[in-house]
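Undergrad: First to last, the sequence lines map onto chains A and B. Residue numbers are given in our numbering: position 50 of the first sequence equals residue 50, and the series is strictly consecutive. Residue numbers are given in our numbering: position 64 of the second sequence equals residue 64, and the series is strictly consecutive.
If you are wondering where the hints come from, they were derived from the structure by calculation, not from laboratory data. The structure presented is a predicted model; accordingly, all values stated were derived computationally and were not measured. Among the hints, a few may not be true.
Covered by chain B, according to a simulated footprint, are these stretches of chain A (three or more residues, beta-carbon under 8 Å) [to be verified]:
1) 28 to 34
2) 45 to 56
3) 86 to 96
Using N, Cα and C, we set each Cβ at its ideal position, and we do this for glycine too.
Here are the chains, one letter per residue:
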Amino acid sequence: GQQVQQSPTSLVLQEGENAELQCNFSTSLNSMQWFYQRPGGSLISVFYNPSGTKQSGRLTSTTVIKERRSSLHISSSQITDSGTYLCAMEPSSGSWQLIFGSGTQLTVMP
Amino acid sequence: GGIITQTPKFLIGQEGQKLTLKCQQNFNHDTMYWYRQDSGKGLRLIYYSITENDLQKGDLSEGYDASREKKSSFSLTVTSAQKNEMAVFLCASSTDRGREQYFGPGTRLTVL
Chain A
1 GQQVQQSPTS
11 LVLQEGENAE
21 LQCNFSTSLN
31 SMQWFYQRPG
41 GSLISVFYNP
51 SGTKQSGRLT
61 STTVIKERRS
71 SLHISSSQIT
81 DSGTYLCAME
91 PSSGSWQLIF
101 GSGTQLTVMP
Chain B
1 GGIITQTPKF
11 LIGQEGQKLT
21 LKCQQNFNHD
31 TMYWYRQDSG
41 KGLRLIYYSI
51 TENDLQKGDL
61 SEGYDASREK
71 KSSFSLTVTS
81 AQKNEMAVFL
91 CASSTDRGRE
101 QYFGPGTRLT
111 VL
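Work the whole structure out from these sequences, hints included.
TA: Written out as structure tokens, the structure reads:
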């Protein structure tokens, strides 16, 4: 079965609204990252957050290992936040790879 | 800080052709990875290497070879290009297992 479930698939917001993106994992994890990607663009690491809560500006990531989930909160969204957000986890056993969710496509409207 | 460079940015080949993609990093990271990103889908691992001259197969290794002759570089060869593997190929590196992975800008493969 799918090891990383990401939701929602897409999200449309008005500028200034908040967003909450979720990832759930089916196995225990070594590490967890959130990435941002524009169409045709490279993957930009937003957070490396294997556990706990991290904040950077308007973005906050919380990973709860015991519950096998991670969230990305975007407050006061801006048009430039539009793009695809991907979560990825490295399982604690098996090969050294990040397993990616299918992404959340975020559109922020003026 | 450091940077990951991938060449070429765009690669166009004929069906059945052997094609090579290159990746260089100056982070001095031990581990390097090749992922494939198909349109509208997440990334999947092709190969990774935990040190110079080491190679480990990922879930998508069939149809590909890899080479890690130097710590700073990791090459990927498409052994016989097929139309269904048109995708963006992304190289990444990290210091070790479970550490943050940094990604390059990607190589977009088109097969005619």
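Undergrad: Taking 8 Å as the Cβ threshold, is the statement that the region 45 to 56 of chain A is covered by chain B upheld or broken by the three-residue rule?
TA: The restraint on the region 45 to 56 of chain A holds, since 3 of its residues have a Cβ under 8 Å from chain B and three suffice.
Undergrad: Closer than 8 Å, Cβ to Cβ, for at least three residues: run that test on the region 28 to 34 of chain A against chain B and report holds or violated.
TA: holds (count 3)
Undergrad: Count the residues of the region 86 to 96 of chain A with a beta-carbon closer than 8 Å to any beta-carbon of chain B: does the count reach three?
TA: holds (count 5)
Figure legend: structure checked against the earlier numbered hints; every hint is met.
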